[in-house]
Structures are given as structure tokens and as C-alpha cells.
Amino acid sequence: MVKIALKIKATLQSIDEVKPSGQDFRWYLKFTCSSCGEKSEKWNYASLSESTPLQKRNAVTHFTSKCKLCSRENSMSILEDTVKSYKIEKEGEFQTIVVFDCRGFEPNDFSPRDGWIAKTENHGTTFTDVDLSEGEWSNYCVKTKQVVGIYEVEHKFERVK
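When the letters of the sequence shown are read in order and numbered with the numbering used here, they come out as residues 3 to 163.
Calculated from the structure, these hints are not laboratory results.
Do not take every clue at face value.
To be verified - Straight-line alpha carbon distances no greater than 25 angstroms define the calculated SDA-like cross-link-like pairs of lysine to any residue that follow: (1) Lys5 - Cys69; (2) Lys92 - Gly39; (3) Lys9 - Asn110; (4) Lys11 - Gln97; (5) Lys70 - Trp45; (6) Lys147 - Ser113; (7) Lys89 - Val132; (8) Lys9 - Gln57; (9) Lys9 - Ser51; (10) Lys89 - Ser42; (11) Lys86 - Thr66; (12) Lys86 - Ser113; (13) Lys158 - Ser42; (14) Lys9 - Ser53; (15) Lys11 - Lys32; (16) Lys21 - Trp45; (17) Lys70 - Phe159; (18) Lys11 - Thr128; (19) Lys32 - Asp83; (20) Lys44 - Glu136; (21) Lys86 - Gln57.
What the hints assert, rightly or not - Pair by pair, the computed Cβ-Cβ distance ranges are: (22) Gly94 - Tyr142: 34 to 42 angstroms; (23) Gly94 - Met3: 17 to 25 angstroms; (24) Ser67 - Gly94: 19 to 27 angstroms; (25) Ser37 - Thr146: 49 to 57 angstroms.
Just so it is clear, CB atoms sit at the ideal spot from N, CA and C, and this is done for glycine as well.
When you get a sec, could you build the whole thing from the sequences and use the hints?
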């Protein structure tokens, strides 16, 4: 069991907080098999709302896959209590937004896609279903009468205890 933190950093314009939209949020990932090193070519997703019980342990998994090369059965669970927001207070720094419990493979790439929530500064509009597929997003907040945006989205993975 290896715990892997997904960290992101971004430039925020008049946005205080960016977070996943909840239980249905889909984490799109690519993986590397820990046994043989095979890297997945297609995007896979995991969601807290979709889980299966593990046969050998009293636990659940949010994504399972069999390696195409070595046929090893691999699984990953999203640690629900680790899902966090990216906040303006530490803008420009990598911040952990989720931790995955990986068994047999590790994520090697992340695609933010859609389903994010962005809260504007000064109690302005809360935008739901923000799409970060292009690595940026912008809109206009009628309440604060200004352009808001999320730009230069980057990510990295880091092993944690």
C-alpha cells in the first residue's frame, strides 16, 4: 500500500478557493504498474461515488485494473478525508488536494477536466461545474463586477506517509 498525494498549483484571479465538486467528482488518471513498469495509454477515472468491496480485505476500492502486460490486479482507493480545496492563501505553491491509496500501481498523470467549484473573493458568485480541461478557465462575476479566472494549472504526485 502506497499513499500518493495529488498536488496542484495555479494562478487565481479574484478566486479564493477551487475544489472538486463532491462525491461524484471524477479524478482522471493514468497509471504505471509497480510490478512491470507498464504505463497506461488511456485515461481512467475514479470517483468516491463508485466503489467495490475488496475480496481479501474489509475495505473498498474506487478503481481496479488488470495490467495488460503482467496481468497483475491493481487497485486504488480515494482517501475521502484528504479531499481538500486549493486556496488563495498559498497561491503559486503546490497544495495537496487528494491522497490515493494505491496497491500495485501508481498514478503518473492527471487531467483536471470538469466538475470543479470556484468561489470568488468578497463573497461573489460561486461557479459550479468549472472546466479545467484546457488548463485554465475564466468567467465574469456579476456580483463583484470583475473577471475571474484560474490559470496555469500544474500538478505533481508525491508519496506521503
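For the pair supplied as a hint, lysine 70 and tryptophan 45, confirm whether the alpha-carbon distance does not exceed 25 angstroms.
-> holds, 14 angstroms
Would the pair lysine 9 and asparagine 110 pass a check requiring their Cα atoms to be no farther apart than 25 angstroms?
-> holds, 12 angstroms
Taking only the CA atoms, is the gap from lysine 89 to valine 132 under or equal to 25 angstroms?
-> Answer holds: lysine 89 to valine 132 is near 16 angstroms, not above 25 angstroms.
Pairwise beta carbon distance, glycine 94 to tyrosine 142, judged against the given window 34 to 42 angstroms | Violated - the Cβ-Cβ distance for glycine 94 and tyrosine 142, about 24 angstroms, lies outside 34 to 42 angstroms.
Between lysine 9 and glutamine 57, does the CA-CA distance stay at or below 25 angstroms?
-> violated, 30 angstroms
Do the alpha carbons of lysine 92 and glycine 39 lie within 25 angstroms of each other, as the hint requires?
-> Violated, at roughly 34 angstroms.
Is the hinted pair lysine 86 and serine 113 satisfied, with a Cα-Cα distance of at most 25 angstroms?
-> holds, 17 angstroms
Quickly compare the C-alpha distance for lysine 89 and serine 42 to 25 angstroms and report which way the hint goes.
-> Judged against 25 angstroms, a Cα distance of about 31 angstroms means the pair is violated.
Does lysine 147 pair with serine 113 here, judged by a C-alpha cut-off of 25 angstroms?
-> violated, 31 angstroms
Taking 25 angstroms as the top limit, are the C-alpha atoms of lysine 9 and serine 53 close enough?
-> holds, 23 angstroms
Satisfaction of hint between glutamate 136 and lysine 44, Cα-Cα up to 25 angstroms | holds, 18 angstroms
Distance restraint between lysine 70 and phenylalanine 159, which requires alpha-carbon spacing of 25 angstroms or less | At roughly 23 angstroms apart (the allowed maximum being 25 angstroms), phenylalanine 159 and lysine 70 satisfy the hint.
In summary, the structure is inconsistent with hints 2, 6, 8, 10, 21, 22, 23, 24 from the numbered list given earlier, while agreeing with the others.
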